[in-house]
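Taken in sequence, the protein lines are chains A and B.
Those letters in the first sequence? Residues 32 to 259, by this note's numbering.
Those letters in the second sequence? Residues 293 to 584, by this note's numbering.
No lab work stands behind these hints: they were computed from the structure.
Among these hints, one or two may not hold up.
[What the hints assert, rightly or not] Mimicking DSSO-like on lysine-lysine, the simulated pairs with C-alpha atoms at most 27 angstroms apart in a straight line are:
#, chain 1, residue 1, chain 2, residue 2
1, A, Lys216, A, Lys144
2, A, Lys161, A, Lys202
3, A, Lys125, A, Lys161
4, A, Lys77, B, Lys424
5, A, Lys124, B, Lys482
6, A, Lys39, B, Lys583
7, A, Lys161, A, Lys77
8, B, Lys583, A, Lys89
9, A, Lys77, B, Lys583
10, B, Lys395, A, Lys125
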Amino acid sequence: MIDFVNVKKAYPNGTMALKGINLHIDEGEFVFVCGPSGAGKSTLMKLLLREERITSGKLTVGDYDLSELSNFRVPYYRRELGVVFQDFRLFPKKTVFENVAFAMEVVGTPRSKIVRRVPAILNTVNLSGKQDSFPHEISGGEQQRVALARALANNPKVVIADEPTGNIDPKMSLEIMSLLVKINKIGKTVIVVTHEKDLVDYYKQRVVMLDDGLITEDRVGGMFNEEV
Amino acid sequence: MKRYNPFYFIGQAFEGLFRNGVMSFASVAVLMSLLVVIGGFALLVSNINMNLEEFGLINQIVVFCETDATEAEIEDVGIAIGKLDNIASVVRVTKAEGLEQMKAEYDIYDDVDESNNPLPDSYVITYIENEKVPELDYQLNAIPGIAKVNNRLELATTIESFKHGVMLVFIWFLAILGVVSIFIIINTIKLSVFSRRNEISIMQYVGATDWFISLPYIIEGAVIGLVSSVAAYFIEWYIYSYIERLVLTDLQMITFLEFGSIRAVVLVGFIAIGVLLGVLGSVISLARYLKQ
Numbered sequence: 032m033i034d035f036v037n038v039k040k041a042y043p044n045g046t047m048a049l050k051g052i053n054l055h056i057d058e059g060e061f062v063f064v065c066g067p068s069g070a071g072k073s074t075l076m077k078l079l080l081r082e083e084r085i086t087s088g089k090l091t092v093g094d095y096d097l098s099e100l101s102n103f104r105v106p107y108y109r110r111e112l113g114v115v116f117q118d119f120r121l122f123p124k125k126t127v128f129e130n131v132a133f134a135m136e137v138v139g140t141p142r143s144k145i146v147r148r149v150p151a152i153l154n155t156v157n158l159s160g161k162q163d164s165f166p167h168e169i170s171g172g173e174q175q176r177v178a179l180a181r182a183l184a185n186n187p188k189v190v191i192a193d194e195p196t197g198n199i200d201p202k203m204s205l206e207i208m209s210l211l212v213k214i215n216k217i218g219k220t221v222i223v224v225t226h227e228k229d230l231v232d233y234y235k236q237r238v239v240m241l242d243d244g245l246i247t248e249d250r251v252g253g254m255f256n257e258e259v
Numbered sequence: 293m294k295r296y297n298p299f300y301f302i303g304q305a306f307e308g309l310f311r312n313g314v315m316s317f318a319s320v321a322v323l324m325s326l327l328v329v330i331g332g333f334a335l336l337v338s339n340i341n342m343n344l345e346e347f348g349l350i351n352q353i354v355v356f357c358e359t360d361a362t363e364a365e366i367e368d369v370g371i372a373i374g375k376l377d378n379i380a381s382v383v384r385v386t387k388a389e390g391l392e393q394m395k396a397e398y399d400i401y402d403d404v405d406e407s408n409n410p411l412p413d414s415y416v417i418t419y420i421e422n423e424k425v426p427e428l429d430y431q432l433n434a435i436p437g438i439a440k441v442n443n444r445l446e447l448a449t450t451i452e453s454f455k456h457g458v459m460l461v462f463i464w465f466l467a468i469l470g471v472v473s474i475f476i477i478i479n480t481i482k483l484s485v486f487s488r489r490n491e492i493s494i495m496q497y498v499g500a501t502d503w504f505i506s507l508p509y510i511i512e513g514a515v516i517g518l519v520s521s522v523a524a525y526f527i528e529w530y531i532y533s534y535i536e537r538l539v540l541t542d543l544q545m546i547t548f549l550e551f552g553s554i555r556a557v558v559l560v561g562f563i564a565i566g567v568l569l570g571v572l573g574s575v576i577s578l579a580r581y582l583k584q
C-alpha cells in the first residue's frame, strides 16, 4: 500500500531531514510513527501528503508514485487520504454538519449523497446529536472527532493523523485513539504520528521509531522506546 | 457525475468583496478611472476621424475639370488620373451631383438649377501615401482638362499629427493606468486569499482542485471589473454630454458623434476591458499563491 524505498529528503537550506528511509505499510495496517523533535516525522508526513517532493528514492501510495506525481494530479491523490491535525483545522463559521459536508462538496459529491452520508459518519464518531453545533460550542475532543469525520467523508483508503491527541485531555485522547482503531478495523490503513508514550504502549500496534532522519526501530506490537 | 453548486462560488466571491471592502473599493475606483480615460480618448479619436471625413481630409484630393470641358474630355481626365501611382480610388462627381450636395448644405443654392449650375465636374481621389502627395499634386496639375487641384494636405497633416499625439498620450495613459489597476486588483485578491489561507489549506488537504479554490476569486475579480465598467459608463456618458453641449455652443462647425449611437459599443467595450483586467488580476494573484 505505502512504500518508502531509500527515500531521502533535503531542504533547500541544506538540512537533510530524511537520510534514506525504507518502510513498507500494508493495506489495513495501523502504524504509530514516533520519535523526538527533529527526527523527521513532520517531513515524513509532508511527503505522504505530497506537500513536499522527495529528493531521491521512490515513494508510492496505492497506485500513486509520489516521486513522479504532477502538481495537477495532487488533489486527486489527496482524495485517497483522510487527514487529521493536532489543531483540528475546522471552519469556525460552519456547523459540524457543514464542516464534514464541505469535504464532499469540494470533490463534487451530489447533495443527496451528502445529506445521506454525513449523519452516518457523524454517528460513527459518536457525534449524532451535534450536527448543528458550531466548533466553538463543542469540546476539543469533539472538535477532533469532527475532524476525524471530515477525514472519513470521502471514504479514503488511508487515514493520517498528525499528533491527533496533542490538544485534548487524556480521557478524550483515549476516545480519539479508540476511534482510530475502530476506523482501522473497518479496513482503513491508519498512520498516527505521536509523542504520547502511554497511548502507544496501551494500543500495542506497529511502532516505527525515527531519529535523525533514519528509522531506528520498526516493531509490530511494539512499545514507545524512550531511549531513542 | 460531479456536480458543483454555483451559488457556493458566487457566495464566496461576494464574501471576499465585502470582507476586504476598502481594497475592493480602491480597485473599483482605479479601474473605473482607467476605463473613463480609455473611453475618453477613444471617443476623442473617433470624433477627430469623423470630422476629418466630414471635411474630406482623410487621404483625399478633389480635382475640378474645366467648366466647358466635353463629356469625352472629362472621361479622359478620369482615365489619366487612374493611371497615376499612389491612387487608391477615383470617384467622379458630376456637376449635377455636386449641385445636389451643395443644395443639401447651403441655402444660397436653392435658386440654382441645371440651367444655371456654375459647378464643374470633379473627381474625388483617395490616395495611399501622404509622403507622395506633392508628386501626385504635380502630376494632376499636368493633366489637360483639370482646372484646379484641391489639395488640403497641410491641414490634413496637422490634424493627423494632432491625432497621433492624442494616440500616443492615450497609449501611455492606458499602459500606466492598466498596470496600476492590475497591481491594485492583485493586492485586493491577495488580501482576500490571505484572510482565507486556513480555509484554502483545508480545501487542499481534502483534495480540492486549483480551479475549485480559484473560481470564487476569479468571480471576485470579474465583479470588480463589472462594477467598475458600469460606473465608468455612466460617468463617461455624463462627461461626454457635458463637453458636447459646451463645444457645440461655441464651435458649430465641429460635428459630434451622438452618444446614443455609440452607447452599446462603449458599454460592451468597458465591460470587456473591465472584466478582463479584473480576472487577469485575480489569476496572477492566485497563480503566485497556489504555486507556493
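Against the 27 angstroms threshold, does the CA-CA distance of Lys583/B and Lys89/A hold or violate the hint? Holds. Lys583/B to Lys89/A sits at ~23 angstroms (cutoff 27 angstroms).
Quickly compare the C-alpha distance for Lys125/A and Lys161/A to 27 angstroms and report which way the hint goes. holds (12 angstroms)
If you draw a straight line from the CA of Lys395/B to the CA of Lys125/A, is it 27 angstroms or shorter? This hinted pair is violated, its Cα atoms lying about 77 angstroms apart.
Check whether the Cα positions of Lys161/A and Lys77/A lie no farther apart than 27 angstroms. violated (32 angstroms)
Do the alpha carbons of Lys216/A and Lys144/A lie within 27 angstroms of each other, as the hint requires? Holds, at roughly 24 angstroms.
Can you confirm whether the C-alpha distance between Lys39/A and Lys583/B stays at or below 27 angstroms? With a Cα-Cα distance of about 23 angstroms, the restraint between Lys39/A and Lys583/B holds, given a limit of 27 angstroms.
When you check the alpha-carbon spacing of Lys77/A and Lys583/B, does it fall within 27 angstroms? Between Lys77/A and Lys583/B the Cα gap is close to 16 angstroms, so the pair holds against 27 angstroms.
Sort out whether Lys202/A lies within 27 angstroms of Lys161/A, counting only the CA atoms. holds (19 angstroms)
Need the status of pair Lys77/A, Lys424/B: alpha-carbon distance at most 27 angstroms? violated (72 angstroms)
Does Lys482/B sit within 27 angstroms of Lys124/A, going by the straight-line distance between their CA atoms? holds (21 angstroms)
Taken one by one, the earlier hints fail for this structure at numbers 4, 7, 10, listed in ascending order.
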